[in-house]
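Based on the sequences and whatever the hints tell you, model everything.
Here is how the chains run, residue by residue.
Number of protein chains: 2
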Amino acid sequence: MNETLVRHAKPSDCQAIIDVVDNWWGGRRMADMLPKLFFVHFQPTSFVAEHGGMVVGFVVGFVSQTFPDEAYIHFVGVHPEFRNSGLARVLYENFFAAVAKQRCRTVRCVTSPVNKGSISFHHRMGFSAEDSGNVIDGVPIFEGYDGKGEDRVLLSKSLSVGIGKADA
Amino acid sequence: MNETLVRHAKPSDCQAIIDVVDNWWGGRRMADMLPKLFFVHFQPTSFVAEHGGMVVGFVVGFVSQTFPDEAYIHFVGVHPEFRNSGLARVLYENFFAAVAKQRCRTVRCVTSPVNKGSISFHHRMGFSAEDSGNVIDGVPIFEGYDGKGEDRVLLSKSLSVGIGKADA
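These protein sequences, in sequence, are chains H and Z.
Going by the numbering used here, the first residue of the first sequence is number 10, and it counts up by one from there.
Going by the numbering used here, the first residue of the second sequence is number 10, and it counts up by one from there.
Worth flagging that the hints you see were computed from the coordinates, not collected in a lab.
All of these numbers come straight from a predicted model, not from anything done at the bench.
A portion of the hints provided could be inaccurate.
Heads up, the list lumps identical chains together, so a pair's fine if it works in one copy or across two of them.
[Stated by the list, open to error] Derived DSS-like pairs: lysine-lysine, alpha-carbon spacing no greater than 30 angstroms straight-line:
(1) K19 x K157
(2) K157 x K110
(3) K45 x K125
(4) K125 x K157
(5) K45 x K19
(6) K110 x K19
(7) K110 x K45
(8) K45 x K157
So, in structure tokens, the structure goes:
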């Protein structure tokens, strides 16, 4: 059986991912969130998982240029047939190791309050939701964070010594 | 009369810009290209022009993390009534000075072949179009650069000593 290989992203991954990502989300239009610039200019902190020559997962992120000790995960995606396999964890661990090497101490990301699967995945990965003073359905919500009607949950995780190891 | 002030971008600019930018482009949907992450994590190289408390122009860009001596301009926008006023030049010059301080030697950006105004603005700003081996209507085109049917012109400019000065 083929193994799953995780490597740094490259520009040609952009088209390969755009071709599949809307399907991975059940038809929702996600491709607009993945302009080519991420695959050109943020390769050191972006990773792709391949299985049998096919992209089956990816994480796109970067080191904040406003807060150089913080890193930000913009997008993570896993092929539906590869979910619950630990692949998202492996992609995140690659990201954590890459940004820890660049002296980042905090990793941040943002998700939707309705995306309970994403919120619980991030909790399992050691992220906490930032306090917003507005808890709905057990989740602290930042109303309109990403524009009108676009509420978000803000997640963050401290990186500690040894984070590069698969210690969980 | 009010003066136009150019300052670094901040997170709250995102909503203010999303509220107006589609109108600046005659109704085309541009706001999707401006997620909040740019206004949070790329403040050192992103600038906003204000006139009478209103956003009238902005440039969003960053230092490449794959190629640390290169910078990339993701988006520039100017209020229609402030076009041909030299404001886009001032915004670009702020960007050039900010990235030159971070030791960038090249600035890159990407535009559409149909956007003749953008191409000639960039030529006036000292950008050259990269050779693609496929010149159409006098412009070298990278076919499908940003996905199927999304042809692009790739522009680049070398930064030289003194680029931070308004020398043009």
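### Task
Any hints from earlier that this structure breaks? Give me their numbers in increasing order, please.
Structure breaks hint 2 only.
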